[in-house]
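Chain by chain, the residues run as shown.
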Amino acid sequence: DAKTTQPNSMESNEEEPVHLPCNHSTISGTDYIHWYRQLPSQGPEYVIHGLTSNVNNRMASLAIAEDRKSSTLILHRATLRDAAVYYCILDVNRDDKIIFGKGTRLHILP
Amino acid sequence: KAGVTQTPRYLIKTRGQQVTLSCSPISGHRSVSWYQQTPGQGLQFLFEYFSETQRNKGNFPGRFSGRQFSNSRSEMNVSTLELGDSALYLCASSSRPLDTEAFFGQGTRLTVV
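Protein sequence lines correspond, in order, to chains A and B.
Numbers 1 to 110, taken from our numbering, label the letters of the first sequence in order.
Numbers 1 to 113, taken from our numbering, label the letters of the second sequence in order.
Extracted from the complex, chain A is given alone in its bound form (with noise of 0.2 Å):
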């Protein structure tokens, strides 16, 4: 099952920050935490993750809470190549495979 919960849909306009939302309460210590976004009829491509520091990357940003529970993904200019399904997931060492919930469907806003 997949041990994350993230909102069904969510809009943003053009060139605007996006702020994804993500909780994981009952992650433990030595799980990453994972984003993959999946564009329209392509397989998903990997984002950014992180384990405990907020980490930055060409595509991305992600804040990670203090307690870990929660995370954010953050598009800090939104383009409408941007629309697509985002996945936040464990990577749970124990068992060494990708388990996608449902995502984030993102739509922009010309």
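Quick caveat, the hints were computed from the structure, so don't treat them as lab data.
A hint or two may mislead.
Covered stretches of chain A (chain B as the covering partner; in silico rule of three or more C-beta atoms under 8 Å from a C-beta of chain B) [claimed, not checked]: (1) 44–58; (2) 99–110.
Here are the simulated distance ranges between beta carbons [as the list claims (entries may be wrong)]: (3) S70/B x L80/A: 37 to 45 Å; (4) R105/A x G84/B: 17 to 25 Å; (5) Q41/B x A65/A: 26 to 34 Å.
C-beta atoms are modelled at their ideal positions from N, C-alpha and C, and glycine is treated no differently.
With chain A's structure known, arrange chain B on it following the hints.
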């Protein structure tokens, strides 16, 4: 470098038949995982292979099987196809078993009629 290649892209089969799907991972990657994606169930983990050994298996019936070759290429087989097996089948490759970035192929769209 080349990405993850899945063949064929599209497939139509009849109930009761069997099907074999292929996945070529990124060069140097030794871990290949398979997923089934349907509108109702979303992305579900099938199994994962690393160095020719199945390391993990999801909750799918024995009709779903796979294997990995010495060059890390992987095949997935579904026997006695059912209508409910119609789905997008995705494979992902990574250098190590899914603890860092995984790369997905575009998938094989299987339709069972």
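Now the hints, each set against the structure:
1. 44–58: holds (count 4)
2. 99–110: As far as the segment 99–110 of chain A goes, the hint holds, because 5 residues have Cβ atoms under 8 Å from chain B.
3. S70/B x L80/A: 37 to 45 Å: 44 Å, holds
4. R105/A x G84/B: 17 to 25 Å: With Cβ atoms ~24 Å apart, the hint holds.
5. Q41/B x A65/A: 26 to 34 Å: 29 Å, holds
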